[in-house]
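Peer 1: Sequence:
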Amino acid sequence: MNSADTAFVLISAALVMLMTPGLAFFYGGMVRVKSVLNMLMMSFVSLGIVTVLWVLYGYSLAFGDDLGAGLLGGFDHIGLKGIDAGTLTNGKDGIPVFAFALFQLMFAVITPALISGALADRVKFSAWAVFITLWVSLVYFPVVHWVWQADGWLFKLKVIDFAGGAAVHINAGVGALAAVLVVGRRIGFRKEPMRPHSLPLVILGAGLLWFGWFGFNAGSALAANGAAATMALNTQIAAGAAMLGWLACERIQQGAFTTLGAASGAVAGLVAITPSGAHVNAFGAILIGVVAGVLCSWAVSLKDRLGYDDSLDVVGVHLVGGLVGTLLVGVLAIDGVGGLGQLGRQAIGAFSVMGFSFVVSWILAKTVDATIGFRAVEEDETSGVDRAFHAESAYDFTLLGDALAEHTTVLVGGTDATITLGRQKTGG
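Counting from 1, one number per residue, gives the positions in the sequence shown under my numbering.
It should be emphasised that the hints constitute simulated quantities derived from the structure, not laboratory data.
You may find that some hints are simply not true.
[What the hints assert, rightly or not] With a straight-line cut-off of 27 Å between C-alpha atoms, the simulated DSS-like cross-links for lysine-lysine are:
id	residue 1	residue 2
1	Lys303	Lys191
2	Lys366	Lys303
3	Lys303	Lys34
Keep in mind the model is a prediction, meaning the values are calculated, not measured.
Generate the whole structure from the sequences, applying the supplied hints.
Peer 2: Structure below.
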């Protein structure tokens, strides 16, 4: 066992785990106050559901011996059968399979959680739990086998997806689009203001995502080596460049540099560098970041024109950002794998995942909707899904309301009103 590599992968797994609560804060800050807890829970519950599924059959379907044609793993590791603490990934010079399984589990956890932002404010929590159970089983696990297992057909085609541009971001982004088309728009879409209720939470979430992304990307080297160092450096470079690209677009289009734009731009860069960062130099990372920031900002602006209600821009950031990184590595790779041939292979990988994920995700969303109902009833959506599904609210204003009631008196007579606030009196 290589102790240094093992320690590195275990730390990276912990960093990736932190990304799911980070995503919850990132999304949670962007919704209205009546949906905060529901948004947090839609991400957080994935830590429970996907962990159990991964142990039962997920790891086996993703990384088990191929059943044939490179499409799905077998059932040789159901319940992690055949693996113990002494089983190494590469003979005597590897890391424990348990470390690898834990690291990959954290990828499996966050991927369906990414979809949740597209459905904010309007789906039943129980239906969401059923959907992600089906989605990781029938979409995510097979795609992981295609991309990262040695017998997978995209792996054998030599498609580059170092840390999940196709398997994670394109997969989740197009799955989100399919689910949105089934569920429909929020009540009041385009008619009522639906602004983020807490931009500080958005920045906190983006910061946690950025921090965890070093484990997500560099950890995918599965060793403390030069590839990990290259990936870590390029992760930082692309995120910073994408933030600047997004902000520049906002300044041109809206005349302002927004906090939400800075956070979204950084995430777009992190998404785009994920498949490609170990194969490009620093200038390539800057280019990927800037292109991702500009194109993702543009893609987000299109949703109103196209009429689909992707609440928190999952499609614009993750699908488009994933496509940017997956395709550009075919052009910018400096380690002898770039060129038109590689670009063609990257396109095959990206669009095959898109097609498969969209069709199956749409069928799954339709099935959930037709059986138990995916959409919250109008009353619950209007009053707030936090109260309807969790019997809680994110912020307790009761004491504040009592204090105001004690110290505030409003007297209205004729055309004049006098407002008494504590001992201050103002005529109006």
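Peer 1: Each hint should be assessed against the structure and marked as holding or not.
Peer 2: To see whether the hints hold, each was checked on the structure:
1. Lys303 <-> Lys191: 15 Å, holds
2. Lys366 <-> Lys303: Holds - the C-alpha atoms of Lys303 and Lys366 are around 22 Å apart, at most 27 Å.
3. Lys303 <-> Lys34: The hint holds at about 23 Å.
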